[in-house]
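Using the hints, position chain B against chain A.
Chains A and B, in that order, are what the protein sequence lines are.
Here the first sequence is numbered in this note's numbering, starting from 1 and rising by one per residue.
Here the second sequence is numbered in this note's numbering, starting from 266 and rising by one per residue.
Where hints are given, some of them may not hold.
[Stated by the list, open to error] EDC-like mimics (lysine to aspartate or glutamate), calculated; alpha carbons at most 20 angstroms apart, straight line: (1) A:Lys71 to B:Asp457; (2) A:Lys207 to B:Asp450; (3) A:Lys61 to B:Glu438; (4) B:Lys411 to A:Glu114; (5) B:Lys403 to A:Glu213; (6) B:Lys426 to B:Asp450; (7) A:Lys216 to B:Asp457; (8) A:Lys176 to A:Glu206; (9) B:Lys434 to B:Asp450; (10) B:Lys423 to B:Asp457; (11) B:Lys403 to A:Asp115.
What the hints contain is simulated information worked out from the structure, not anything from laboratory work.
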Amino acid sequence: MNITLNTNYNNQTYRNNTLSAGARKFAGSAYSQPTFTAATNSKFLDPFKKAVDKSTDWLAKNYTARLYQSKLAKILANQGDRLGRIVNHMQVAGSVIISGMYMTQTLRNNQLDEDRKKTLAINQGLTFLMSTVGSYLIDDALDGTWEKNVSLKYAKKYLGEDGKDLAKNFAEFARKHKEAHQKGIANGTIAKGTKYRPATVLSYIEKHVKAPELEKDLRGLQILKSLVVFGTVYRFLSPVAVTPIATWISNKFVHKNDNAEKKSA
Amino acid sequence: MNIDSIKKNYPTSGNKLKHKPKYGLESMKKSADLCDIKNMNRGYYYSGSFTGLNGAAAKSSKGFLKMMIDLCNDHTVIAQNLVALVLAAGFRPLAIMSLPGKKDKDDKIYASGHSIASGIIGFGFANVVMYPLGKSAKKFMKDAEKVIEKLTPENVGKITKEELLKDAKFVNEKFLNIFGKFSKDGKLTGIDKSTLEKVSKALNMAPDVFVFGIVKAMLTVALIPPILKYVFGIEKKAKAPAAPVQEPVQNVASPVKPDLSKFAGGVK
Chain A
1 MNITLNTNYN
11 NQTYRNNTLS
21 AGARKFAGSA
31 YSQPTFTAAT
41 NSKFLDPFKK
51 AVDKSTDWLA
61 KNYTARLYQS
71 KLAKILANQG
81 DRLGRIVNHM
91 QVAGSVIISG
101 MYMTQTLRNN
111 QLDEDRKKTL
121 AINQGLTFLM
131 STVGSYLIDD
141 ALDGTWEKNV
151 SLKYAKKYLG
161 EDGKDLAKNF
171 AEFARKHKEA
181 HQKGIANGTI
191 AKGTKYRPAT
201 VLSYIEKHVK
211 APELEKDLRG
221 LQILKSLVVF
231 GTVYRFLSPV
241 AVTPIATWIS
251 NKFVHKNDNA
261 EKKSA
Chain B
266 MNIDSIKKNY
276 PTSGNKLKHK
286 PKYGLESMKK
296 SADLCDIKNM
306 NRGYYYSGSF
316 TGLNGAAAKS
326 SKGFLKMMID
336 LCNDHTVIAQ
346 NLVALVLAAG
356 FRPLAIMSLP
366 GKKDKDDKIY
376 ASGHSIASGI
386 IGFGFANVVM
396 YPLGKSAKKF
406 MKDAEKVIEK
416 LTPENVGKIT
426 KEELLKDAKF
436 VNEKFLNIFG
446 KFSKDGKLTG
456 IDKSTLEKVS
466 KALNMAPDVF
476 VFGIVKAMLT
486 VALIPPILKY
496 VFGIEKKAKA
506 PAAPVQEPVQ
516 NVASPVKPDL
526 SKFAGGVK
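Chain A on its own, in the form it takes in the complex (with noise of 0.2 angstroms):
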């Protein structure tokens, strides 16, 4: 890394400071800009990287392409809708297969008498049914929320001067949505009892915007939201409010065992 600090008054940032305005925009204004440059080309990290590169072509051709282009792939293409939310239904997925197993390794602990390991296994269960439900549930409850005050703000930044009626045209499309949803469960082209979903930003920028390195972004932050909220709860929430009421179920479950114990002695 080389770090040049210029402190030379007598370089072209003193002059142009020294100018009148009108003088320094005649001579160009070229003030001298702080410029950050990565050294990209460093030849001793070339092996390495070409290596990286030909491993990922590898795997590229052999795994990515065959995955992509597998019946696997095409039987999740023919989902249609159910895609929408697949992350939020992966981490579940991830979650399913954790707690199946800490709940297998709970019933398996000789530790633990029967009583016991059936207790554990439930309150895995609950903390895992609780932790989905309560995803889904807070992940919905801030749809509006995360569009009104993340996405619409964060597209209105990228377009600037473009952007300035987009909260306008945005509200007007979202009405023109929820509209749209009314209508078709009246006409029946909407089956009954379909879940409205508000209008999203990224669905106003795609239909009348066409941006799209900023619909790259919007889905992106879509994938943070959900990806915050799901880790929130599974990974922060459920466990910090179980961890008390586990200690007090099992302590109340082994206190009254031993009670029972004792009498009986």
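Structure of chain B alone, referenced to chain A:
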């Protein structure tokens, strides 16, 4: 990284400035080009305080959000595990340890150790194992993008599959059959990019969920003792050979009380 220059020199002696100079750094429209969003830099008058999204601080904060967005798009599993790392190795142990109750301190320490271990293993595993897979998926998607770009409104229905796939490195005909949109007479009219992206997300996350989930759980359990030792300063005691029972009346039913925090619910 190369960093060069910057020292702005305002006269500090001699002329007393009644008004701040127009040629000062703060009045440059481009704000020293530190912020890419031009409309955010309209020469706010510098008052020595941070002025919203102006300058390098804004760049770095926006940079973090953009970095997270890109990570979510390109390496969803790493982003997921990064969030989990912050929660499981940071907030959760703090919250668990600050819960009331002195009796079950050991349980809380064990639960915290487990949490830290799972956060570290998840993030480490995602970086070592899932990063190359994510990178290869990105290469495949780039290749697919090239194929999709070839299909323009002008040549829809005219271009053959062979022509579309001519320069493709990884994409083949199966890809078109799965993600292609076809007219009634069987002509390719487009590629369903939205479905492709969703399927891509599912397939990218699948190995971490379905294949490595159990391995990670096992590694987590293995990492708990060193964490208990080096983070909490607790070393697992060796089993005492036939230790004399000091209080024979108590806990007759369960002479060895199992560590129940191990069995508490929730994703570890």
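Structure-based check of each hint:
For the given pair, Lys71 (chain A) sits about 17 angstroms from Asp457 (chain B) by alpha-carbon distance, which is consistent with the 20 angstroms threshold. For the hint linking Lys207 (chain A) to Asp450 (chain B), the alpha-carbon distance of about 28 angstroms lies beyond 20 angstroms, and the restraint is violated. Annotation: proposed proximity of Lys61 (chain A) to Glu438 (chain B) holds, straight-line Cα distance about 14 angstroms (limit 20 angstroms). The suggested pairing of Lys411 (chain B) with Glu114 (chain A) is violated, with an alpha-carbon distance near 60 angstroms, which exceeds 20 angstroms.
The suggested pairing of Lys403 (chain B) with Glu213 (chain A) holds, with an alpha-carbon distance near 16 angstroms, which does not exceed 20 angstroms. Proximity of Lys426 (chain B) to Asp450 (chain B) is assessed by CA-CA distance (about 15 angstroms); at most 20 angstroms being required, the pair is judged to hold. At most 20 angstroms may separate the alpha-carbon atoms for a hinted pair to count; Lys216 (chain A) and Asp457 (chain B) meet this at roughly 15 angstroms. Proposed proximity of Lys176 (chain A) and Glu206 (chain A) is supported: the alpha carbons are some 16 angstroms apart, at most 20 angstroms.
For the proposed pair Lys434 (chain B) and Asp450 (chain B), the alpha carbon gap of about 28 angstroms is over 20 angstroms, so the pair is violated. Our distance criterion of 20 angstroms between C-alpha atoms is met by Lys423 (chain B) and Asp457 (chain B), whose separation comes to about 18 angstroms. Restraint check for Lys403 (chain B) and Asp115 (chain A): the C-alpha separation of about 50 angstroms exceeds 20 angstroms, so the hint is violated.
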